[in-house]
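Residue numbers (the working numbering), protein chains in the order written: chain A, 241 to 844; chain B, 2 to 237; chain C, 3 to 183.
It cannot be assumed that every hint is accurate.
In silico negatives: residues of chain B with every beta carbon more than 12 Å from chain C [as the list claims (entries may be wrong)]:
| hint | residue |
| --- | --- |
| 1 | I15 |
| 2 | Q21 |
| 3 | E80 |
| 4 | D135 |
| 5 | S137 |
Calculated lysine to any residue pairs in the SDA-like style (CA-CA distance at most 20 Å, straight line) [stated by the list, open to error]:
| hint | chain 1 | residue 1 | chain 2 | residue 2 |
| --- | --- | --- | --- | --- |
| 6 | C | K121 | A | A835 |
| 7 | A | K820 | C | D147 |
| 8 | A | K820 | C | N78 |
| 9 | A | K287 | B | K164 |
| 10 | B | K164 | A | T593 |
| 11 | A | K351 | A | D373 |
| 12 | A | K826 | C | N99 |
| 13 | A | K820 | C | N65 |
| 14 | B | K132 | C | N99 |
| 15 | B | K164 | A | E282 |
Note that these hints are calculated values from the structure, not bench results. C-beta atoms are modelled at their ideal positions from N, C-alpha and C, and glycine is treated no differently.
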Amino acid sequence: MSEMKAVVNNICKEFGNDRTRLMDIVRGVQEKLGYVPPEAFELIAEKAHTHRVEVESVVSFYAFLSDKKRGKMVIRLCDDIIDRFQGGEDVAKALSKELGIGFGETTEDGKVTLEKTACIGMSDQAPAMMVNDVMVTNLTVEKIPEIIAKLRETEDPQSLVTECGDSNNAHELVRAMVNNNIREGGPVILSNHRRGGGLRKALTQTPEEVIEDVKGAGLRGRGGAGFLTGFKWELTRKAAGTEKFVLCNADEGEPGTFKDRVLLTERPDLMLEGMTVAAYAIGAETGIIYLRAEYAYLRAFLEDVLNRRREDNLLGINILGNEGFNFDVRIQMGAGAYVCGEETSLIKSCEGTRGDPTDRTPFPVVAGYMVSPTAVNNVESYCCAARIMDMGAGWFSSIGTARSAGTKVLSVCGDCDRPGIYEVPFGTKLRDLLQRVGAEDVAAVQVGGPSGQMVGPAQFDQEISFEELATGGAIMIFSNQRDILEVVEAFMEFFVDESCGYCVPCRVGNVLLKSRIARVRNGEGSPDDLAYLHRLGESVKRMSRCGLGQTSPNPVLSTLKNFRPVYNALVRENTTGRLKSFHIMKAVEQASQIADRRSEVFHA
Amino acid sequence: MSDKIKITIDGKAIEAELGQTILEAADAAGIYIPRLCAHKDLLPIGSCRVCTVIVDGRPQASCVKPVMDGMVIENDTEELLQHRRNIIDMMFVEGNHFCMFCEKSGNCELQALAYRFGITAPQYPFQFPEKDVDASHPDILLDHNRCIMCARCVRASQELDGKNVFQSIGRGFDRKIGVNGEKALGDTDMDVNDKAADICPVGCIIKKRVGFETPYGERLYDKEPIGSDIEKGATA
Amino acid sequence: MGKPRVATTSLAGCFGCHMSFLDIDERILDLIELVDFDRSPIDDIKHISQRCAIGLVEGGCCNEENVHVLYEFRENCDILISFGDCATMGGIPTLRNNIPLKECIDEAYRDGVTVYNPKNIVPQDPEIPLLLDKVYPCHEVVKIDYFLPGCPPSADCLWAALTALLTDKPVELPYELLKYD
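Isolated chain A (complex conformation):
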């Protein structure tokens, strides 16, 4: 126990016994001890000037934090539907068999804990898993015995990386087997450009002019919501407050989205350049990159990028000789919570609390991080902003459509020949994209991930844009071999797992939606159940507090709309009044076993 005490003391000290760094403190404790023991709650609370229950509140919120002892190595198998369709379930069985434990369990020798997790951003090389921070991609059942043997032998997850992926994935600070899979670059981001070009030009302008440029370019948020970036910066600049913040949302948690993974790997300087431009524009001195826990393997690399930028005076004091323009950036690690991609939730997490979102009056641009004006933008948005500075607003707005300027970096996965990254101008027709990625026999495309919408062939002539098919990057392709409702159920399961539980409709409604979808899928539903799904879905959508809940019924609602025949084929009018969802034989099964006799009333 004294070891625990020493660890807690040291880590708390490292973060200045600062309550707002609680995320880093508990992550640090877990890194050292393998978990955050309940006995440490009180100690941490004492050091960080908070309450025991507040520490417990944080630890219990994040999926990657645990107050129970776990193995030295934690395997987190990605349980996304894309992974399942690529053989993830067989891999899961193989892992379980090889380790001799079930999911959620730890081997007797205390070496390995086996878990499932939501999408880890590797859908183009699925099935994939994490072993501690190490990504292991393109898994097959055949590879599992070797992987486990190696882990047992070396007790070092990094030993699994025998061959590094392309480009910066092979950087000495990354050394990941991850591949970028950049299939098509575009003019804005995945093309050659001068490092620092945009920032240098921005610094020749006034902050107001910079904002005008970003507004004039028509840049809209690339995370999916599409709010006008320049407008957001303007509001932040104009908001009262002496201290302002620039936050970068690198919490790419939407299943099927992995474009920020590639941008963080290949364009970190461009992203930081955009953040620096934003800092200049709004008058901020501090920036935070909120990096999802799944991308921890990029952390050292990104820290190095930050250091190089500091050395080159692209960060720090009097940036590029610009008197009085000071800006620096820290990385805030997440800990496994999709909801933290929601900006208010992300801010709470940066402040060291659980990631419950907050109400949007006031908006973060007025009162965000530390109740100060804060601009939160996506990785790709910052990249775009830097390029706008370099190439001009007119150049940017000439690409794309009238209301969706520029390009979109898409992450394509699922049933196609060439999954990976495509930078396409807005306005690209979905049908064209499907052709380019080598997708044939397509039944459905999930545009924008689970929170987006599922479209069928009737919508394939629509274009990718904020006006028609909006996406934060995810394009998930499902062939005619796939069961649409299996996808819907998996997505609902995802939302059930990721709901923060703060508000009633999202906390309860998603559980109810998921179980009713299962009922319909099992052929136990009637047309009444479809009406029920619709009404319930609408209530969750309309009444939920944040973007997660407001979009969580989309898998159900968009398939009810676009794939009605699939539902209709599964439901039957109930003529007997007996509910098909109630199975008498199943209900008496336990009692029958206990009594060792069959039912006298009902026979199978």
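Please arrange chains B and C on chain A, whose structure you already have, making use of the hints.
Showing chains B and C alone in chain A's frame:
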């Protein structure tokens, strides 16, 4: 001069004051907007969503949304009543609510809302979750089966009692109210005279040895629906 | 045309709802003018003899026999009413829903503090209906048309609902009659 502004609720023009929330303005005007997590002595958090109204076409929790001049608000519409009813149903099926032996019955705000909405049975399947009962405190019972996660106790302890006895722990459907003690409520500095002991809208936080004090027929919501006081203009 | 027939039954309930039904007192004479009773504990008819207009079900389903009876009611009644908290929401019997079935049986027959069972026998007569995995409210087993909550629903509540149905009026309980306790 106070900042008087005009807003419209369901077509009725009412006067409000800047700084008020929609809920407060409606209360003052004798218009009842159903609510659960909101409480007049506490800062609003908008967690139950029952008080959601439509403001200029968008759903907003009226307990947290400040009024602005010229706001057009829908409250008593078919659509909202249905959504609210659905949320009330959700709270019934997510917990284990046994009104027939609950000390709070008759004075319970969740039950009263369901009465007001004329709910005879929830339309959703009961989840029968496994929840704890914490009887460790000498004077207070904490029955998580009845909790609706409104966090009134969390706020009351912080805002009114100057303590920090409660906080939400876990997430999603498993979210629950945790206590600032090693194991249970008895390990905390909770006192029976704390405001937090009286603030629970349901029967989750109950004072021991005082149950069923008021006879049937004379309890808070036996004769008149919840919100009747507001509709009679009691606070106007 | 005869009078509409009414059937009633108590499944996993305590008969409290039926007792409350009898609390309509002298109004039962009016009721008999309006309806004929078919299967009911009141007249001890064991099975529904002909099509009924209204079925009143007390109690939820805790065993296979409950389901069997409920099916009979659903099949033979035009309108099926769940009356009382056990029928509408499972009620007190659902307190066992979080306890494994084996534990429930052991508690009842072996381990309970008041159990005297020196031979440690768990009765297994085929006449004893098998328990269900959990206790279900009626509407999770069959389609239910109306719900009358309460533990028990008051006599006035039952009277109001029945007379409304028999006179083709909408079943709308006045505020004072809608109670869950």
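For which of the previously enumerated hints does the structure constitute a violation, in increasing order of number? No numbers; nothing is violated.
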